[in-house]
Amino acid sequence: MSRDRTPRTLGLILLALLVFGQFLPQWTLFLVTVALAKGLVVLGLMIMLRCGLVSFGQALYYCIGAYAAGMLGRLFGASDVFTLMLAGMAAAGLVGFVLGFLLARYRSIFFGLLSLAVSMILYGLLVKTEALGSTDGFHVLPSTLFGLRPADAWVRYTVLAVALLVAFIAALLVHRYLGTPLGRLAPAIKDNEIRVEYMGASARHAIHVKYVIAAALAGLGGALAATTVGHIDPEMAYWTTSGEFIFITILAGTGNVIAPFLGALVFGVIQTVAFAISPNTWQMVLGGSLLVVIVFLPNGLWSLFRGRKVA
Amino acid sequence: MTAILDAQGLNKNFGAVTAASDINAAIERDSVVGLIGTNGAGKTTFINMITGYLKPDRGRIRYEGRDITELAPRDVTRLGICRSFQIPQLYASLTAFENMLVGIGVVLRNAGRGGFFSRGRALVPGHDLPAEDVAERILERFGLAEYRDKNAQVLPGGVRKLLDIALTMVAKPKILLLDEPTSGVSAEEKFVIMEMIMTAVRAEGATVLFVEHDMEVVSRFAERVLAFYDGRIIADAAPEIALADPEVKRYVVGGVLRA
Chain A
40 MSRDRTPRTL
50 GLILLALLVF
60 GQFLPQWTLF
70 LVTVALAKGL
80 VVLGLMIMLR
90 CGLVSFGQAL
100 YYCIGAYAAG
110 MLGRLFGASD
120 VFTLMLAGMA
130 AAGLVGFVLG
140 FLLARYRSIF
150 FGLLSLAVSM
160 ILYGLLVKTE
170 ALGSTDGFHV
180 LPSTLFGLRP
190 ADAWVRYTVL
200 AVALLVAFIA
210 ALLVHRYLGT
220 PLGRLAPAIK
230 DNEIRVEYMG
240 ASARHAIHVK
250 YVIAAALAGL
260 GGALAATTVG
270 HIDPEMAYWT
280 TSGEFIFITI
290 LAGTGNVIAP
300 FLGALVFGVI
310 QTVAFAISPN
320 TWQMVLGGSL
330 LVVIVFLPNG
340 LWSLFRGRKV
350 A
Chain B
2 MTAILDAQGL
12 NKNFGAVTAA
22 SDINAAIERD
32 SVVGLIGTNG
42 AGKTTFINMI
52 TGYLKPDRGR
62 IRYEGRDITE
72 LAPRDVTRLG
82 ICRSFQIPQL
92 YASLTAFENM
102 LVGIGVVLRN
112 AGRGGFFSRG
122 RALVPGHDLP
132 AEDVAERILE
142 RFGLAEYRDK
152 NAQVLPGGVR
162 KLLDIALTMV
172 AKPKILLLDE
182 PTSGVSAEEK
192 FVIMEMIMTA
202 VRAEGATVLF
212 VEHDMEVVSR
222 FAERVLAFYD
232 GRIIADAAPE
242 IALADPEVKR
252 YVVGGVLRA
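Protein chains in written order, with the numbering used here: chain A, 40 to 350; chain B, 2 to 260.
If you are wondering where the hints come from, they were derived from the structure by calculation, not from laboratory data. Ideal placement from N, C-alpha and C gives every residue a C-beta, glycine not left out. Treat the hints with care, since some could be wrong.
Stated by the list, open to error - Stretches of chain B that chain A covers, calculated by requiring three or more beta carbons in the stretch to come under 8 Å of a beta carbon on chain A: (1) 77-84; (2) 106-115.
As the list claims (entries may be wrong) - Partner residues are not named here, just some residues of chain A that face chain B (Cβ under 10 Å, in silico): (3) T219; (4) L224; (5) E236.
The following block holds chain A by itself, in its conformation from the complex (with noise of 0.2 Å):
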């Protein structure tokens, strides 16, 4: 059998980009935070995937990782990124604990429409809540790093540095994950069910453990976008935003735990490209590219990587 290269590569491209990240403008790095953050909640949605479910809501757990990370600062004055981090973790995780109670009994297309369903209520009662901004949203304090601010140049390069940690153990993580026997299980629940349940396994209960993973790895990303960004609305429950996490996930491939982050990347950068180039038809270009990885490479951005098969 071929060893297990991910945690190797995914070691050289963290050293990679801590290195050269110092000497990249300020707008890529801007740009690799952000496709850092979506791309944690895409490493979700691949774990959902993989055994054979969208959701279409995801970006529930994006807002709530978003606000939780927002409200500590603004009701508590904690400012301490890792802290935040958590805190939209665990609200985010907590919350897809609960619902995941629901979410897990239901497959296919009733799935995905419960889970659309439930981020649009959430958005609903944050556009009505005046006292957190309503459709404005609010602006969330700047974030130290263990009580420090960094110097306003070094500032991109700090939250890059702390996204690329945060991405690297968590795409560790998942991957570790992904080779249990309960990671392996995905599949064999996209395929039959009955089987599993005849092998002794309870497939909701599976489901629902990677429910509640993919939901707080959103939440992450939330924190992290919120703190990249300075600013979150309810936008970022709006079925658009979820409708982008799933564009990322059939861009990358379910492949192996790097991928979500590379189709991140690639949306962002086509993203930022097309709209500097043509600012009225970028979604154009967005969808174009879509079709053409959809129809050249069904697999996703990944399979262009892969050279064997992956766990």
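We have chain A already, so just place chain B on it with the hints.
Just chain B, lined up with the frame of chain A:
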């Protein structure tokens, strides 16, 4: 002899159709029992009730003295009752080897091994080997080694059937329910396949119940025959006696010949 499985007074109706009517059967440990009967006679319903897929309207099922009537299929499986399917139930997008690994993974997980925090390669309970070795060994025992890296959906029918049965072996079942193990297999291959299955299964020391339409296969491999007709057991005896029973001849054996 002690009964490992004891079904008492099982009844099951689907609307106006009676699928099981006062089924009583005590299965002895290490025995090989053939279930015969025409289509719709209630054989698969019997298997479905034992494995928890269907709940009987009345009656109890005891396994090793424990009432398992209300348990779900996964809990019945965890206790050591495994089944194969008339139509193979495989993980179509995975290779034969990966199919085995999924099954072994479940066994590991149910034993609390091979989880997120465990280090190194866990040994599969009952086999005392790492997962990959168990998979290889079972595939080999069922003559499936050459299909190891083929996707389940492209495998020939007979091979799919064998893989379906091989999948039940990962959990070291104490009772194995085989639903028409040789259906879809050519007449001349039936004995070869059945011989291979029984050798592999008996090596693990499981009690076997199998559904079969070919009476030659039944008389060759079964020690005892349960003949089903219209949801009832009309004969319960050694093959030579059961197959000679006038009622069985009329409703079961004759029925197969006519079909």
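List, from low to high, the hint numbers that the structure doesn't satisfy.
none
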